[in-house]
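Number of protein chains: 2
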Amino acid sequence: MEQEAKVTKKVEGIDLSRREMLIGAGALMAGVAASQLGVLNTAKAAQASNGEVWPWPYEKLDPARVGETAYHAWYDVFCSQAVTTGLFEQLREKVGEPWSSFPINSLRFGMGGMLGWGLTCGAPVSGALVIGLVTPAEVATPMVRDLLGWYANTPMPVYSPQNGRYNGEIPKSVAQSPLCHQSVGRWMKTADRPFGSDERRHRCASVTASVAYRTAEMLNDWKDGKYVVPADNWDGAAAMGLPSQQNCMSCHSDGVPSPPR
Amino acid sequence: MEQEAKVTKKVEGIDLSRREMLIGAGALMAGVAASQLGVLNTAKAAQASNGEVWPWPYEKLDPARVGETAYHAWYDVFCSQAVTTGLFEQLREKVGEPWSSFPINSLRFGMGGMLGWGLTCGAPVSGALVIGLVTPAEVATPMVRDLLGWYANTPMPVYSPQNGRYNGEIPKSVAQSPLCHQSVGRWMKTADRPFGSDERRHRCASVTASVAYRTAEMLNDWKDGKYVVPADNWDGAAAMGLPSQQNCMSCHSDGVPSPPR
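For the record, the sequence lines run as chains H and P. Taken in order, the first sequence gives residues 61 to 321; the numbers are from my numbering. Taken in order, the second sequence gives residues 61 to 321; the numbers are from my numbering.
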């Protein structure tokens with residue numbers, strides 16, 4: 061990707077300085093325990109000169125409890141708010157402010173890929189929000205990309221609740237995308253079950269729990285100074301010449317157009 | 061859509077109660093000055109029994125200033141954080157807390173459709189976040205859908221900065237989608253200009269300003285008790301049998317699959 065970014069820059073002659081810095085950091089860290097990122101672990105909520113309080117303090121969470129809370133919350137508030145419910149619960153117990161007073165019900169809009177539009181799944185959107193509240197941009201950028209790549213390429217769901225609301229077996233599917241429409245649609249096709257079925261609801265609750273669990277796991281690793289950015293950390297803008305997913309042929313089945321040079 | 065939702069329910073026999081309630085509210089309000097939503101206008105930040113402070117107080121903003129601030133902020137922080145920069149600036153002046161201390165730099169992850177992945181454009185994501193902080197779910201749901209539909213179907217950008225950083229004319233394009241990849245890609249094709257060009261940067265800064273302006277406009281209308289939900293307020297999950305955009309043929313050019321029944 062470092063290579064691709066340089067090629068892009070050379071061909072287009074564009075200002076990629078900000079992106080290259082992030083890519084450079086990602087490439088540097090790929091496959092290496094990024095212990096230098098842990099330097100910021102001890103940061104406590106501080107008020108900046110502009111009045112903002114950031115980063116928000118983080119304490120290591122029990123990922124299994126995060127997942128279980130998120131799973132059950134899904135049945136009330138759906139994916140995006142359920143992820144924050146799972147993560148905020150323990151942060152409120154262990155840290156308190158600013159986690160306690162932030163209104164997580166304001167995040168319901170992420171459900172159904174923004175209220176039924178099938179856009180980005182609300183679970184990684186809320187995971188990204190918490191990552192952004194806790195970590196500086198040089199950590200948040202590769203970590204959020206990591207979460208998206210993991211979501212897109214992992215047979216889901218990976219989390220099984222202790223006390224599920226559907227007791228049968230459900231199949232797993234690979235979303236190939238962080239988009240709700242593709243994630244849910246591919247699973248519905250694999251399972252041959254409709255959107256309103258108990259199985260689909262259990263599936264989305266379990267995917268939500270999976271994302272909440274994974275977010276807690278990554279932030280715990282970062283807190284311990286052992287978060288590792290994967291080598292395939294995807295930046296579609298650098299790789300493809302405009303912001304892009306990895307699955308071009310999923311939509312461009314009749315040929316992928318070249319962006320203007 | 062009310063009709064479609066009923067058909068979907070009948071065919072699938074699924075639990076659509078929550079969604080129907082929202083759709084029902086939207087349908088009821090369609091084309092009507094929804095003055096009943098204004099009842100909540102006077103809400104001030106209050107602490108709920110669970111410790112959350114919500115809704116966050118809102119005072120009417122100068123949309124042109126919101127847009128101008130968002131436009132210039134884009135060149136530093138890109139779309140999602142630029143929208144919040146434009147909206148928070150005046151809210152911090154006019155209201156203060158909780159707007160002042162919330163770290164809007166935590167929202168950078170929305171840029172480039174989540175850090176270059178080309179998913180939901182970060183501008184409406186941040187618009188939705190502010191709408192969710194200010195309004196109850198029965199307002200936020202149709203208003204966020206309104207913002208997404210307006211984004212997808214309007215020739216963009218609609219906002220022209222007073223002091224732009226590119227002085228030539230640029231073409232407008234209809235994104236047909238709130239996704240960054242489609243929004244940026246369609247504009248690049250229309251303009252025949254690359255991602256790194258001054259024109260594309262000016263275009264995304266102007267789209268960002270347009271979304272920030274429109275969000276302020278809608279919230280101002282709501283504050284005045286005159287926010288009107290458009291008749292075509294889209295809920296893809298109800299209309300299509302799973303969360304979906306309006307532009308099926310954009311990806312499913314070889315035929316739109318039917319969801320399992």
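To be clear, the hints were calculated from the coordinates, so they are not data collected in a lab. Remember, predicted model here, so these are calculated numbers, not experimental data. Do not take every clue at face value.
Since the list can't tell identical chains apart, any single copy or any two copies may satisfy a pair.
[Stated by the list, open to error] Derived pair list, reagent style SDA-like, types lysine to any residue, alpha-carbon separation capped at 25 Å:
1. K154 x T250
2. K232 x V316
3. K154 x G315
4. K249 x M309
5. K120 x H312
6. K232 x S318
7. K286 x D314
8. K232 x E157
9. K232 x P320
10. K249 x S318
Status of the hints after comparison with the structure:
| no. | hint | in the structure |
| --- | --- | --- |
| 1 | K154 x T250 | neither (40 Å within a copy, 52 Å between copies) |
| 2 | K232 x V316 | between (29 Å within a copy, 23 Å between copies) |
| 3 | K154 x G315 | neither (52 Å within a copy, 52 Å between copies) |
| 4 | K249 x M309 | both (18 Å within a copy, 19 Å between copies) |
| 5 | K120 x H312 | neither (42 Å within a copy, 44 Å between copies) |
| 6 | K232 x S318 | between (34 Å within a copy, 20 Å between copies) |
| 7 | K286 x D314 | neither (43 Å within a copy, 46 Å between copies) |
| 8 | K232 x E157 | neither (38 Å within a copy, 45 Å between copies) |
| 9 | K232 x P320 | between (38 Å within a copy, 16 Å between copies) |
| 10 | K249 x S318 | between (31 Å within a copy, 10 Å between copies) |
Consistency with the previously given hints fails for numbers 1, 3, 5, 7, 8, ordered from lowest to highest.
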